[in-house]
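There are 2 protein chains.
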Amino acid sequence: MAQQHTYAVIMAGGIGSRFWPMSRNMFPKQFHDMLGRGQTLIQTTYERFRRFVPAENIYIVTNALYKPLIQDQLPEVPDRQVLYEPFGRNTAPCILYAASRIHKNDPHARIIVSPSDHLILPEEDFQRDVQVALDALEGQSRIMTIGINPSRPDTGYGYIQYLEEAGATYFKVKTFTEKPSLEIAKSFLRSGDFVWNSGIFIFSSDTILRAFEALLPDMYELFEEAKPAYETPDEPNAIEAVYSRCKNISIDYGIMEKANNVFVIRSHFRWSDLGTWKSLYEEMSKDTLGNALSGNILAYNSSNNIVKVTPQAGDKLVVLKGIENLIVVDTGDVLLVCPKDQEQTIRNIVADVRKDRGDQFV
Amino acid sequence: MAQQHTYAVIMAGGIGSRFWPMSRNMFPKQFHDMLGRGQTLIQTTYERFRRFVPAENIYIVTNALYKPLIQDQLPEVPDRQVLYEPFGRNTAPCILYAASRIHKNDPHARIIVSPSDHLILPEEDFQRDVQVALDALEGQSRIMTIGINPSRPDTGYGYIQYLEEAGATYFKVKTFTEKPSLEIAKSFLRSGDFVWNSGIFIFSSDTILRAFEALLPDMYELFEEAKPAYETPDEPNAIEAVYSRCKNISIDYGIMEKANNVFVIRSHFRWSDLGTWKSLYEEMSKDTLGNALSGNILAYNSSNNIVKVTPQAGDKLVVLKGIENLIVVDTGDVLLVCPKDQEQTIRNIVADVRKDRGDQFV
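Same order as they appear, the protein sequences are chains Y and P. Mind the numbering: the first sequence is residues 571 to 932 in the numbering used here, read in order. Mind the numbering: the second sequence is residues 571 to 932 in the numbering used here, read in order.
By construction, these hints were calculated from the structure, which means they are not laboratory data. Some hints here could point you the wrong way.
Lysine-lysine pairs mimicking DSBU-like chemistry, simulated, CA-CA at most 35 Å apart [to be verified]: (1) Y/674 <-> Y/797; (2) P/674 <-> P/756; (3) P/674 <-> P/856; (4) Y/742 <-> Y/817; (5) P/848 <-> Y/925; (6) P/637 <-> P/756; (7) Y/910 <-> P/910; (8) Y/848 <-> P/797; (9) Y/749 <-> Y/856; (10) Y/744 <-> Y/848; (11) P/925 <-> P/637; (12) P/848 <-> Y/856; (13) Y/749 <-> Y/925; (14) P/817 <-> Y/848; (15) P/797 <-> P/756; (16) P/749 <-> P/856; (17) Y/756 <-> Y/674; (18) Y/749 <-> Y/817; (19) P/749 <-> Y/925; (20) Y/742 <-> Y/848; (21) P/828 <-> P/674; (22) Y/742 <-> Y/910; (23) Y/910 <-> P/925; (24) Y/848 <-> P/637; (25) P/925 <-> Y/856; (26) P/848 <-> P/637; (27) Y/910 <-> P/848; (28) Y/925 <-> P/910; (29) Y/856 <-> P/910; (30) Y/925 <-> Y/848; (31) P/925 <-> P/817; (32) P/817 <-> P/749; (33) Y/797 <-> Y/817; (34) Y/817 <-> Y/828; (35) P/848 <-> Y/848; (36) P/817 <-> P/828; (37) P/856 <-> Y/910.
Coverage of chain Y stretches by chain P, computed from C-beta distances (three or more under 8 Å per stretch; other residues unrestricted) [to be verified]: (38) 670 to 683; (39) 786 to 800; (40) 884 to 895.
Note that the Cβ used here is the ideal one computed from N, Cα and C, for glycine as well.
Here chain Y stands alone, though its shape is the one from the complex:
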């Protein structure tokens, strides 16, 4: 099928509170150069799709708060391709909004939905896997997903179980399981027919709309009612009305777990959700003592630290002396110092800081 019908939808509405104070309500993770590579995560994601999707077919769905960040970081994306949510309602409404909006103009659309803040390398392998998924849509009503070979029994991910089939390039999905216990995650790894859910989905707009109509009919109806307002000055009001009545539900729980036409491709690319400081640390370049340093930093007799000084801190110099295994984040207005092995408490810190100091710093 012609490339003109291939679309990408980049989901960029998250707030990434595990990376506070770098990731903030008003400046979340996907808009930061988390890996210190001279590009923000959403810019990298955009370029990933720009390799094989026409520019006029790449859409962003994000919170209305982030309009200035989108305009600053992706000035080449026209406003009509940025869909602003009045508030987050998880991935199901986000995907339905984008699919319904795209489908209105192009009923032959094939859509690749992707998070904006993951690491995917090399780009060629990603493109190849996506092409397999797109090809699998040909003449079939299928929802394709991309699964990642699990390297550890991570309890923070969703798992996809598939029906093994010798020689196949993709597999029928049996079950979706969100964030299992460690015991169950271990059994998944042992059984060998589970992959991690990458959050990347490929489907035709027609197929996904039919799935919503069948499985989340109330939500489907809300967006059908809003349809006439798309690309008119009324769109923000119509969408605000939809979202205020829309339930908060993920695409995994609302559609994928229940649909019987879901397939999975085992990815050939390297992937990280960059969901924790630890996973970020693994992907950052490090000095000989294992320090991952991003900013104007001097580390003396210090090892295995992760230090982030954001551009908002200016030309600030950070000096560590005799420090081990710490997370140090300086954003100019906030400094966080926390041991790496306590990173799971950072979300709680954000709540404490809001309680103790109000919204200014969160």
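Given the structure of chain Y, go ahead and fit chain P onto it with the hints provided.
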């Protein structure tokens, strides 16, 4: 003798590199509110003398670089009472300059010389001890010093040994010893006739000038030559010429160790030279977990830390989570993170930073 002949000379030329990055070449320790009490150390020292010394008799000797800081922090001190050194040459030239300048206008002057950056409390006890020293000058050519009862065998201080004399309020000094080894410091404490040198001296201008004439005659001559320039537009040039030819030597080594008319009063006040983060930590108020926090700081599950956020860092929020025994200093342009037990390395860090990043941050 009338109060009109009583003078104070506050020595404020140090750079306090042990408190880097708070204390900086261009903004040293004495100009900071090190204890978080709403006053800088030099302001507290000035007020200490202002209680019993006429305002027109309180002099400051400092580096010419700190003129803006003096004018900002002590606007009530007229420019004629601030003596600017072109560069530091230790305490002997500093004291000689002040004594010679004061003596020119008032040959009956009695001078109290004091560092600008020490903790002294309560003020009443200090004033009483100084009064005993001033009284001891009456009709006698004496150099009075104030000794501190040593509470530990500190190797960073100077020690004064005195001749014990039952019922005396002050004692003849036998020896001065700068920074002894730990073994020797321990023996000093055991012997019981040693006190710490507080760096506070009380003498008549005549007595100290005669001591310089006898013990540091070259230096004495240099200042005698500069004398006609005092309080004229030529003073800075004349003093620069003197300092460029003047040797770098402390008053202790150049005068006190050699003069035979030195006496010591055992202080009744509490004293700290605030010379290390540890000594500063002891004097700061602490939360229930032993954190000494100065600035907009939240400490969760953290104990025994010392955190300083200077006004230059603005309204910055510092959050510690699960942190123990650290020094964290944020000055807006520099952040230092270092374990408390490694504070003695901070001076080396300053040298390293100068080497690695130049003078901007030191």
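Okay, the hints, checked on the actual structure:
{"no.": "1", "hint": "Y/674 <-> Y/797", "verdict": "holds, 8 Å"}
{"no.": "2", "hint": "P/674 <-> P/756", "verdict": "violated, 44 Å"}
{"no.": "3", "hint": "P/674 <-> P/856", "verdict": "violated, 48 Å"}
{"no.": "4", "hint": "Y/742 <-> Y/817", "verdict": "holds, 28 Å"}
{"no.": "5", "hint": "P/848 <-> Y/925", "verdict": "holds, 32 Å"}
{"no.": "6", "hint": "P/637 <-> P/756", "verdict": "violated, 42 Å"}
{"no.": "7", "hint": "Y/910 <-> P/910", "verdict": "holds, 20 Å"}
{"no.": "8", "hint": "Y/848 <-> P/797", "verdict": "violated, 68 Å"}
{"no.": "9", "hint": "Y/749 <-> Y/856", "verdict": "holds, 30 Å"}
{"no.": "10", "hint": "Y/744 <-> Y/848", "verdict": "holds, 31 Å"}
{"no.": "11", "hint": "P/925 <-> P/637", "verdict": "holds, 27 Å"}
{"no.": "12", "hint": "P/848 <-> Y/856", "verdict": "holds, 33 Å"}
{"no.": "13", "hint": "Y/749 <-> Y/925", "verdict": "holds, 28 Å"}
{"no.": "14", "hint": "P/817 <-> Y/848", "verdict": "violated, 56 Å"}
{"no.": "15", "hint": "P/797 <-> P/756", "verdict": "violated, 45 Å"}
{"no.": "16", "hint": "P/749 <-> P/856", "verdict": "holds, 30 Å"}
{"no.": "17", "hint": "Y/756 <-> Y/674", "verdict": "violated, 44 Å"}
{"no.": "18", "hint": "Y/749 <-> Y/817", "verdict": "holds, 21 Å"}
{"no.": "19", "hint": "P/749 <-> Y/925", "verdict": "violated, 50 Å"}
{"no.": "20", "hint": "Y/742 <-> Y/848", "verdict": "holds, 33 Å"}
{"no.": "21", "hint": "P/828 <-> P/674", "verdict": "holds, 25 Å"}
{"no.": "22", "hint": "Y/742 <-> Y/910", "verdict": "violated, 39 Å"}
{"no.": "23", "hint": "Y/910 <-> P/925", "verdict": "holds, 30 Å"}
{"no.": "24", "hint": "Y/848 <-> P/637", "verdict": "violated, 49 Å"}
{"no.": "25", "hint": "P/925 <-> Y/856", "verdict": "holds, 22 Å"}
{"no.": "26", "hint": "P/848 <-> P/637", "verdict": "holds, 30 Å"}
{"no.": "27", "hint": "Y/910 <-> P/848", "verdict": "holds, 26 Å"}
{"no.": "28", "hint": "Y/925 <-> P/910", "verdict": "holds, 30 Å"}
{"no.": "29", "hint": "Y/856 <-> P/910", "verdict": "holds, 26 Å"}
{"no.": "30", "hint": "Y/925 <-> Y/848", "verdict": "holds, 27 Å"}
{"no.": "31", "hint": "P/925 <-> P/817", "verdict": "holds, 27 Å"}
{"no.": "32", "hint": "P/817 <-> P/749", "verdict": "holds, 21 Å"}
{"no.": "33", "hint": "Y/797 <-> Y/817", "verdict": "holds, 18 Å"}
{"no.": "34", "hint": "Y/817 <-> Y/828", "verdict": "holds, 17 Å"}
{"no.": "35", "hint": "P/848 <-> Y/848", "verdict": "holds, 33 Å"}
{"no.": "36", "hint": "P/817 <-> P/828", "verdict": "holds, 17 Å"}
{"no.": "37", "hint": "P/856 <-> Y/910", "verdict": "holds, 26 Å"}
{"no.": "38", "hint": "670 to 683", "verdict": "violated (count 0)"}
{"no.": "39", "hint": "786 to 800", "verdict": "violated (count 0)"}
{"no.": "40", "hint": "884 to 895", "verdict": "holds (count 10)"}
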